[in-house]
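Student: Using numbering that gives the first Met the number 0, the final residue of the sequence shown is 163, and nothing's skipped along the way.
If you're looking for bench data, these hints aren't it; they were derived computationally from the structure.
Check the hints yourself; a few may be wrong.
To be verified - Simulated crosslink set (SDA-like; lysine to any residue; CA at most 20 Å straight-line):
hint, residue 1, residue 2
1, K92, T80
2, K112, P84
3, K92, G69
4, K92, K112
5, K112, N125
6, K41, L25
7, K41, Q57
8, K92, Q57
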Amino acid sequence: MASAPEPQQSMTNIQPTSLTSFTQRLLEANSVSPAHAAIIAKALVLADLRGIDTHGTQRLPSYLARIRSGVLSPTAEPVLTQTTPVAAHIDGKNAFGFVSAHQGMEVAIEAAKVYGIGMVSISHSNHFGMSAWLVQQALDAGLMSLVFTNSSPVRAVVGTGARS
Numbered sequence: 000m001a002s003a004p005e006p007q008q009s010m011t012n013i014q015p016t017s018l019t020s021f022t023q024r025l026l027e028a029n030s031v032s033p034a035h036a037a038i039i040a041k042a043l044v045l046a047d048l049r050g051i052d053t054h055g056t057q058r059l060p061s062y063l064a065r066i067r068s069g070v071l072s073p074t075a076e077p078v079l080t081q082t083t084p085v086a087a088h089i090d091g092k093n094a095f096g097f098v099s100a101h102q103g104m105e106v107a108i109e110a111a112k113v114y115g116i117g118m119v120s121i122s123h124s125n126h127f128g129m130s131a132w133l134v135q136q137a138l139d140a141g142l143m144s145l146v147f148t149n150s151s152p153v154r155a156v157v158g159t160g161a162r163s
């Protein structure tokens, strides 16, 4: 008995510049400032281009739902506190994580150019996409970078059988 043929999946190719522009306009239509929308759109499309679809434009519906539900503030402006010449903290004010992370990397890069190291911590933030786009900012400045984040527990601690 012959099996049914697998359904064909059609794929539409979209130019990265068109997708970036569309993404930016969509974010702006949901109260995100043009400057912030440009940062977010660039990072999302870069993830798509790297094949990291889980952190690309497919996340837009969930981001927009978070705006509508009030979980994420599209208009918030992160606040920078410089704690030492090489260390700073950003209160994300519940803005898009992309915005806080981008600002944090810019501050870290400037400190590293002067002092050899720059560190920034961020709180009250949201998802910032794939970390590679932040590391690339440092690489483009001729520097190396480490980017860390937290997340919800997804696995049980070894030997406990429970998430902590």
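Student: Next step is simple, just say for each hint if it's right about the structure.
Tutor: The hints, checked one at a time:
no.: 1; hint: K92 to T80; result: holds, 13 Å
no.: 2; hint: K112 to P84; result: holds, 11 Å
no.: 3; hint: K92 to G69; result: holds, 13 Å
no.: 4; hint: K92 to K112; result: violated, 27 Å
no.: 5; hint: K112 to N125; result: violated, 28 Å
no.: 6; hint: K41 to L25; result: holds, 13 Å
no.: 7; hint: K41 to Q57; result: holds, 14 Å
no.: 8; hint: K92 to Q57; result: violated, 24 Å
The earlier numbered hints that this structure contradicts are 4, 5 and 8.
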